[in-house]
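*Asks:* One-letter residues, chain by chain:
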Amino acid sequence: MTTEKIRHPVPPGLPHGISSLLAAQHLAVLATHHQGQPHVSLVAFAAGPDGRQLLFATTRTSRKYANLQADPRAALLIDSRGQAAADFHEAAALSAKGPVREVTGADRDGLAALFLAKQPHLREFVNSPTCALMALQVQVYELASRFQQVLTYRLSP
Amino acid sequence: MSLLIPLDHITPALLPQIGGKAFVLAQLAQQGFRVPRAASLPIAAYNAYVDATGLRERILMELNRKDFQDMRWEEIWDAALRIRNMFLTTPLPADLAAALTAAVHEFCGDAAVAVRSSAPGEDSAQASFAGLHESYVNVRGAEAIVQHILLVWASLWSDAALLYRQELGLDVAASAMAVVIQELVTGECSGVAFSRSPADDTQTVIEAVYGLNQGLVDGVVEPDRWLIDRQNRRLTHVPPSSRPAAYQPEGQTVALRDLDPRQAARPPLTESQVWEIFALAQQAEAAFGSPQDVEWTIRQGDVHVLQSRPITTVATEKKDQRPWYLSLRRSFANLQMLRQRIEGELLPAMTAAADAFQQEDLANLSDADLAAASQRRREAYNHWKAVYWRDFIPFAHGMRLFGQLYNDAMRPQDPYEFMTLLAGAPLASLARNRRLEALAAQVRQDAALAELVRQRRVSALPPEFQRELDEFLRQFGDLSCPVTGGQCQQGPEAILRLVLEMADHPPRAAAPPVDAASLTQAFFEKFTGSKRQEAAAILELAQASYRLRDDDNLYLGRLEAQKTAAMNEARRRLQDRGLDLSAELPDDEILKALQNPAYVPQLPEKAEQTSSAVIEQARQLIGQPAGPGLARGPARVIQAFADLADFHHGEILVCDAVDPNMTFVVPLAAAVVERRGGMLIHGAIIAREYGLPCVTGVADATRLIHTGDTITVDGYLGLVIID
Numbered sequence: 000m001t002t003e004k005i006r007h008p009v010p011p012g013l014p015h016g017i018s019s020l021l022a023a024q025h026l027a028v029l030a031t032h033h034q035g036q037p038h039v040s041l042v043a044f045a046a047g048p049d050g051r052q053l054l055f056a057t058t059r060t061s062r063k064y065a066n067l068q069a070d071p072r073a074a075l076l077i078d079s080r081g082q083a084a085a086d087f088h089e090a091a092a093l094s095a096k097g098p099v100r101e102v103t104g105a106d107r108d109g110l111a112a113l114f115l116a117k118q119p120h121l122r123e124f125v126n127s128p129t130c131a132l133m134a135l136q137v138q139v140y141e142l143a144s145r146f147q148q149v150l151t152y153r154l155s156p
Numbered sequence: 000m001s002l003l004i005p006l007d008h009i010t011p012a013l014l015p016q017i018g019g020k021a022f023v024l025a026q027l028a029q030q031g032f033r034v035p036r037a038a039s040l041p042i043a044a045y046n047a048y049v050d051a052t053g054l055r056e057r058i059l060m061e062l063n064r065k066d067f068q069d070m071r072w073e074e075i076w077d078a079a080l081r082i083r084n085m086f087l088t089t090p091l092p093a094d095l096a097a098a099l100t101a102a103v104h105e106f107c108g109d110a111a112v113a114v115r116s117s118a119p120g121e122d123s124a125q126a127s128f129a130g131l132h133e134s135y136v137n138v139r140g141a142e143a144i145v146q147h148i149l150l151v152w153a154s155l156w157s158d159a160a161l162l163y164r165q166e167l168g169l170d171v172a173a174s175a176m177a178v179v180i181q182e183l184v185t186g187e188c189s190g191v192a193f194s195r196s197p198a199d200d201t202q203t204v205i206e207a208v209y210g211l212n213q214g215l216v217d218g219v220v221e222p223d224r225w226l227i228d229r230q231n232r233r234l235t236h237v238p239p240s241s242r243p244a245a246y247q248p249e250g251q252t253v254a255l256r257d258l259d260p261r262q263a264a265r266p267p268l269t270e271s272q273v274w275e276i277f278a279l280a281q282q283a284e285a286a287f288g289s290p291q292d293v294e295w296t297i298r299q300g301d302v303h304v305l306q307s308r309p310i311t312t313v314a315t316e317k318k319d320q321r322p323w324y325l326s327l328r329r330s331f332a333n334l335q336m337l338r339q340r341i342e343g344e345l346l347p348a349m350t351a352a353a354d355a356f357q358q359e360d361l362a363n364l365s366d367a368d369l370a371a372a373s374q375r376r377r378e379a380y381n382h383w384k385a386v387y388w389r390d391f392i393p394f395a396h397g398m399r400l401f402g403q404l405y406n407d408a409m410r411p412q413d414p415y416e417f418m419t420l421l422a423g424a425p426l427a428s429l430a431r432n433r434r435l436e437a438l439a440a441q442v443r444q445d446a447a448l449a450e451l452v453r454q455r456r457v458s459a460l461p462p463e464f465q466r467e468l469d470e471f472l473r474q475f476g477d478l479s480c481p482v483t484g485g486q487c488q489q490g491p492e493a494i495l496r497l498v499l500e501m502a503d504h505p506p507r508a509a510a511p512p513v514d515a516a517s518l519t520q521a522f523f524e525k526f527t528g529s530k531r532q533e534a535a536a537i538l539e540l541a542q543a544s545y546r547l548r549d550d551d552n553l554y555l556g557r558l559e560a561q562k563t564a565a566m567n568e569a570r571r572r573l574q575d576r577g578l579d580l581s582a583e584l585p586d587d588e589i590l591k592a593l594q595n596p597a598y599v600p601q602l603p604e605k606a607e608q609t610s611s612a613v614i615e616q617a618r619q620l621i622g623q624p625a626g627p628g629l630a631r632g633p634a635r636v637i638q639a640f641a642d643l644a645d646f647h648h649g650e651i652l653v654c655d656a657v658d659p660n661m662t663f664v665v666p667l668a669a670a671v672v673e674r675r676g677g678m679l680i681h682g683a684i685i686a687r688e689y690g691l692p693c694v695t696g697v698a699d700a701t702r703l704i705h706t707g708d709t710i711t712v713d714g715y716l717g718l719v720i721i722d
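Those protein sequences? They're chains A and B, same order as listed. Numbering follows numbering that gives the first Met the number 0, in which position 48 of the first sequence is assigned residue number 47; successive positions increment by one, without gaps. Numbering follows numbering that gives the first Met the number 0, in which position 70 of the second sequence is assigned residue number 69; successive positions increment by one, without gaps.
Calculated directly from the structure, the hints in this document are not laboratory data. Incorrect hints may have been included.
[As the list claims (entries may be wrong)] Listed next, with one range per pair, are the computed distances between beta-carbon atoms:
| no. | chain 1 | residue 1 | chain 2 | residue 2 | range |
| --- | --- | --- | --- | --- | --- |
| 1 | A | His120 | B | Asp699 | 49 to 55 Å |
| 2 | A | Gln68 | B | Pro603 | 53 to 59 Å |
| 3 | A | Val139 | B | Glu344 | 56 to 62 Å |
| 4 | A | Val139 | B | Arg71 | 28 to 34 Å |
| 5 | B | Asp50 | A | Arg62 | 37 to 43 Å |
| 6 | B | Pro633 | A | Asn126 | 54 to 60 Å |
| 7 | B | Asp699 | A | Leu41 | 30 to 36 Å |
| 8 | A | Arg62 | B | Asp699 | 38 to 44 Å |
| 9 | A | His120 | B | Gly649 | 55 to 61 Å |
Note that the Cβ used here is the ideal one computed from N, Cα and C, for glycine as well.
So here's chain A without its partners, still in its complex pose (with noise of 0.2 Å):
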């Protein structure tokens, strides 16, 4: 499990191997897909309260977001690696799976209020008109630790 210390607030519910790499880690990786070619991105990213979304931010304009209108199906991976050998027996990797939508309306102000207490630096970003405020619903959660141990959290909805 991650070892790294935690800054932000654990969302209740889940097992603490996810709810503890969700509030350490700030960068994820996105796999979207244009026509079955896999496409994949480096986004900054905030749980929701409950863990069941996970937000980040995009342009309009990007490929990700022109691949997530096109299909939202997408997959996020959330780890603890640090480029050194000691990863393979300390390392924990979160696949999360579930649909994206923009977030509009009423909703937005919250999430991005949620978003930018983890990435304050992205105020400008997230603020801007051009960009769009993502939420990925998470159906399966999967958790890699010990190398090889995989469990699967199925969230009911």
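Chain B: place on chain A using the hints.
*Replies:* Okay, now just chain B, sitting in the frame of chain A:
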């Protein structure tokens, strides 16, 4: 810079690099004590080796397969064995090997040396690692010395050392090992001196043996003891019961040799030498400012100090668990005695107890007598279960002792290759399964017989088949009762079902033949003379240990069956009274109701199930690879013995621990998954005998895997994948 640091170059600043043993030797030398010429190989060499070869991460991955707290010590032993083998099979990088060999050669040439562990933190006042790490005495020649340096490094990861560091809360990941290379002083006699006795600090204790110190340290040679009152200098001599033998250098090691009778007749120290050692102990205490445990040897009248360390037991309140950890290592002599006790006393006594219970006619006992009989059977079972843990489980060390000898001699890529030399010994449960297979073979070939069995028309079965069935029931029948959910001695139902299931499928092919004979021969060729005889004796012991690992379960299983039979009779009587009995009703409640007709048995309160919106499922679980192979099939999770009755051919047996009664179904299984960990446990041994993929030590296996799940067992990597 040379890799080796001679004693006279050692300064206090180097302590974290060279470890306590080297540092103390340097201090002794600098204070004028006579110490053997020595040099330290600091932890830098260890670190360079484990970093350049990738061993550092491989070790941590091995230890991180599971939470250390959740590991049984058998699993820790297995991890330690695998790690030790990594050191044996991972050569030093060429440049380090060349530099180290040159430095060692320059230091000691062809002189015999001792290669000793000197872990930082070792021999400090806070923690005594004495005996936890390895030292090797009488090693000669740079190449051999370098090989033994690897063994000393590996001993940093022995099961005892791992457990002890865990106990002290030391960071396992940060540990490293330094080594002392010390010229061997072959004394005529050797010993230890405690400047203050751990038992009574008004006294100094001196212990001495002829020859080298090994016998004294290992507890093999009983020493002469002298107790000296530190105040009034009164001297008391306590001779040993006899002085039969002494350790002497021999070849590349040391060996126990008989003493000359004239030598054996007198103590190894003269009185003036006793006083010389006494003075030495007081000087060491004064030099280090605390009570000391001094190891010494006398050569041609000169006393040499081999090492000195603080006595940790004086005035320390904290309970020292180290002796317990050390007891995990058992000597050959100790295991031989244990074997005699088990084979000569314990197993016959268990058989006698089970036989006596079998004579009792439960059906004709009064309710009160039945309650008393049940109680006696429970007590007997609990007693023998305790014996099982105390004496039978430690006897598994016989396999371990051989495993280490084999791996040292052969350096195999597979650290469990030694099991091949143990397998094939006749196991009781395999004999039982062969009898079942013989019955199944008849049914397979004879459709008419199969139909009779299917209809359970026992009386119509051919006499010859019936005779074999009766014989099986007589010999093993009472073991089958848990398979039927606790219906003991109720006839051949369970066995017939099993025979039919086996007959419906082709017989299981025997495990691929392994050439045990040529491996055994190659192993013996590594030894000559008396060493070969010793190796043969250890192999023989290990084979007995391997057999018992299986058979002991059957002995205990018979007693358990007797206990169950009495409880079943009690349940039957309560049901006859019209009571509606739940299977979960505890035995105590049953017995209370049996003795008191007015009593209504109570179900235990159940913990409330918490519902959760998050559903946990396992995708891939990690355990220990305990039997090579790959298999895929439906899981059959055994939560209770009754679940075995539903076992079908081709299913994967998933259980908490393979119990003797479960081995019935192993020939039907495609693979075995066990929560309990270890390579040398019953389930792993049986799986290996049948050539089945096996993964043990899967935490929560019976919770995370469900009957009917399609699972894949990767017995090479120790993984279970759930579809």
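*Asks:* Which constraints among the numbered hints does this structure fail? Numbers only, ascending.
*Replies:* 1
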